[in-house]
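Single-letter residue listing:
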Amino acid sequence: MPAAFRTRRVLATSAAVVALLLAVLLSLAVGARAIAPSTVFDALLHGGTSPDAEVVRQLRVPRTLIGLMVGAALALAGTALQGITRNPIADPGILGISQGSSVGVVLAIAFFGVHSLTGYVWFAFAGAALAAVAVHAVASGGRGGATPVKLALGGAAINALLLSVTTGILTTRASALDEFRFWQIGSLDGRDTQIVGQIWPFLLLGAVLVVSVARGLDALALGEDVAKGLGQRVATVRIVGGIGATVLTGAAVAAAGPVAFVGLAVPHIARAIVGSDHRWVLPMAAVIGPVMLLVADVAGRIVFPPGEVPAGVMTALIGVPFLVTLVRRKAVPA
Amino acid sequence: MTTVNLRPAGYGIVRAGRASFLLHRRSALVAVGLLLLLAAASVAYLCVGERFVGPTEVVRILLGQPSPSTFVVEELREPRLVVALAVGAAFGIAGALIQTVARNPLASPDIIGISQGAGAVTVAAMTFGLTSYTVLPYLSIAGGVLAAALVYVFAWRGGLHATRFVLIGIGFAIALRSLTTLFMTKGDYLVAQQAQIWMTGSLNGRGWDESAPIRWTLLLMLPAVLWAARAQRTVSLDDDTATALGVRLGGVRLGLVAVGVVLASVATGVAGPVDFVALLAPQIARRMTRTAQIPLLCSALTGAAVVVLADLLGRRLLSPVELPVGVLTAAVGAPYLIWLIVRSRTASAGGKA
Numbered sequence: 001m002p003a004a005f006r007t008r009r010v011l012a013t014s015a016a017v018v019a020l021l022l023a024v025l026l027s028l029a030v031g032a033r034a035i036a037p038s039t040v041f042d043a044l045l046h047g048g049t050s051p052d053a054e055v056v057r058q059l060r061v062p063r064t065l066i067g068l069m070v071g072a073a074l075a076l077a078g079t080a081l082q083g084i085t086r087n088p089i090a091d092p093g094i095l096g097i098s099q100g101s102s103v104g105v106v107l108a109i110a111f112f113g114v115h116s117l118t119g120y121v122w123f124a125f126a127g128a129a130l131a132a133v134a135v136h137a138v139a140s141g142g143r144g145g146a147t148p149v150k151l152a153l154g155g156a157a158i159n160a161l162l163l164s165v166t167t168g169i170l171t172t173r174a175s176a177l178d179e180f181r182f183w184q185i186g187s188l189d190g191r192d193t194q195i196v197g198q199i200w201p202f203l204l205l206g207a208v209l210v211v212s213v214a215r216g217l218d219a220l221a222l223g224e225d226v227a228k229g230l231g232q233r234v235a236t237v238r239i240v241g242g243i244g245a246t247v248l249t250g251a252a253v254a255a256a257g258p259v260a261f262v263g264l265a266v267p268h269i270a271r272a273i274v275g276s277d278h279r280w281v282l283p284m285a286a287v288i289g290p291v292m293l294l295v296a297d298v299a300g301r302i303v304f305p306p307g308e309v310p311a312g313v314m315t316a317l318i319g320v321p322f323l324v325t326l327v328r329r330k331a332v333p334a
Numbered sequence: 001m002t003t004v005n006l007r008p009a010g011y012g013i014v015r016a017g018r019a020s021f022l023l024h025r026r027s028a029l030v031a032v033g034l035l036l037l038l039a040a041a042s043v044a045y046l047c048v049g050e051r052f053v054g055p056t057e058v059v060r061i062l063l064g065q066p067s068p069s070t071f072v073v074e075e076l077r078e079p080r081l082v083v084a085l086a087v088g089a090a091f092g093i094a095g096a097l098i099q100t101v102a103r104n105p106l107a108s109p110d111i112i113g114i115s116q117g118a119g120a121v122t123v124a125a126m127t128f129g130l131t132s133y134t135v136l137p138y139l140s141i142a143g144g145v146l147a148a149a150l151v152y153v154f155a156w157r158g159g160l161h162a163t164r165f166v167l168i169g170i171g172f173a174i175a176l177r178s179l180t181t182l183f184m185t186k187g188d189y190l191v192a193q194q195a196q197i198w199m200t201g202s203l204n205g206r207g208w209d210e211s212a213p214i215r216w217t218l219l220l221m222l223p224a225v226l227w228a229a230r231a232q233r234t235v236s237l238d239d240d241t242a243t244a245l246g247v248r249l250g251g252v253r254l255g256l257v258a259v260g261v262v263l264a265s266v267a268t269g270v271a272g273p274v275d276f277v278a279l280l281a282p283q284i285a286r287r288m289t290r291t292a293q294i295p296l297l298c299s300a301l302t303g304a305a306v307v308v309l310a311d312l313l314g315r316r317l318l319s320p321v322e323l324p325v326g327v328l329t330a331a332v333g334a335p336y337l338i339w340l341i342v343r344s345r346t347a348s349a350g351g352k353a
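Protein sequence lines, in the order shown, are assigned to chains A and B.
For what it's worth, the working numbering labels the leading residue of the first sequence as 1, then goes sequentially.
For what it's worth, the working numbering labels the leading residue of the second sequence as 1, then goes sequentially.
Note that these hints are calculated values from the structure, not bench results.
All values reported here derive from a predicted model rather than from experimental measurement.
The C-beta atom is built at its ideal place from N, Cα and C for all residues, glycine as well.
A few of these clues could be false.
[What the hints assert, rightly or not] Interface residues of chain A toward chain B, partial, derived using beta-carbon atoms under 8 Å:
1. I89
2. L153
3. A156
4. A157
5. A160
6. A174
7. F182
8. A260
9. F261
10. A265
11. A316
[As the list claims (entries may be wrong)] To spell it out: a stretch of chain A is covered by chain B in this simulated footprint if at least three of its residues, at any positions, have a beta carbon under 8 Å from a beta carbon of chain B; those stretches are:
12. 307-314
13. 319-327
Bound conformation, chain A alone (with noise of 0.2 Å):
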């Protein structure tokens, strides 16, 4: 059994990263003006000038490196909040760290005049890295330090307290609110090269951080009595984590807007296909995320032309099924 399980993740690994690889391929060919795989392949390697050739390069690259970033670093982020957690609900979003982005790009279009998605990078990262340290803060107040539930509950008292310093601007003032709804909901659209190199480094950053704490993940979902029998530094996995959590989130919120859904689904598909081990989940949630995103995001791009539909609302209404038929597939640990 445990041979037959290894091969079923190998497999299931590798079915994951042709899916990767077909989603780009979609993402660079599909769109306004569709362009063969060939010529696709042709603009990659060799450039030239042709119109289709240039849209590849200018338009469709950067689009796809973004959603290769961001739904790598929301899913990975999501699978070590859940971790830290213990709560299988826990993501960016509803422990307040996207919405701590959120607040920071709304006070930059209303107070200090910036309009532009590279000039909101910053703003969001900030935000973020703030939320992410005022959750810990309250966390690890009181005695017992940061539990699992006072880190949740922290968590959502945050959110709760961003989201109306959120709205209180936002009904005050119309025009920033004209100008939010769209950075709000999430979406590739018009991102360049400059941002790809603005936040690559910082996800680089957040993916070690995760990464290198999975085994104290393991340990953590026994319990944390457990974990510290087992040897594990406790309350370290929980701030390295959440410290990468925190970097992904913030980087992948700057860039693309604060995309719900992929950092909350995609653990849950991960470990429904390859088990809890957090070695295979987090680079399976790695896999699954951008295929998420950038499938929703190809979609988008072809449900109600010439418009587009962002990614953030494709990826929700795509992969509800994908996550209702496997929740209920799987029997899920109460």
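Go by the hints and put chain B onto chain A.
Same frame as chain A, now just chain B:
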């Protein structure tokens, strides 16, 4: 208070004739305290406004004596206060029930899709040009109930599993919210702003007519809520223990969720999805009473207090501009919950949902 919180000694016996029952002393004290707070907040709510009316005068008007300010207090402020109280209590109870069934302190009606269902239907109706305030509340009630029913059907598989229920609920919630934002971005800018205000939750312009659905619902649901207060205890045990004790878990959970869903949907229909009351009130109440279960009465009182205080602030903070109540409920409730978390003395106080 450094003793462990598992102490049966915290109960007193109340005798009324031949009947007697156990009363959690701290819960009773907290409930009395909340009632006093609520009474004070309500009087303040009736006093404050464009024109200040003295507290003694307000009390005299409430007792039915004639006064020049009768119209302002009874016709303008009182209906809105009643809506605030009813909506807050309904959200408090709904949140408590859904958190109990889901066994997750993060669960609440706005997480399992009720608010989003109501929101999607309402914003869709607004986008298609239906803006009459006589029809919209009923549409959003229907939307909320429908969303919850869908979640329940999809989560049911030979029983209702707590985690499955919450996960599928949250999935639907996000999908429905995406639909709402789709309507908002594709629609007109004015519709977007109107929808944004509705989705924040507002008590503005709610009179006796608008508050009728929530008042009747609370009255009619009272027996069900009393049943829920008892039934709630059994589902907070783990599945195996509860089943072994002879609890029909499926039925009891369905009942509890149904009560919560109806209350939350009607409250959402009347005031919009007032954020976080349902999430925060039960947790604040449980941390104040220090009980193992979420106390229903105290949740209802806390919810009402949060909404009344938030609306009071919203009306006066930036007057003459009124902030919608949903902007401030979190600002009132969240700091208090944060304070309760930070100063929690016992390690196990944060241990259970």
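For each hint, the structure was consulted:
no., hint, verdict
1, I89, "holds (5 Å)"
2, L153, "holds (6 Å)"
3, A156, "holds (6 Å)"
4, A157, "holds (4 Å)"
5, A160, "holds (4 Å)"
6, A174, "holds (6 Å)"
7, F182, "holds (6 Å)"
8, A260, "holds (5 Å)"
9, F261, "holds (5 Å)"
10, A265, "holds (7 Å)"
11, A316, "holds (4 Å)"
12, 307-314, "holds (count 6)"
13, 319-327, "holds (count 5)"
Hint violations for this structure: none, all hints satisfied.
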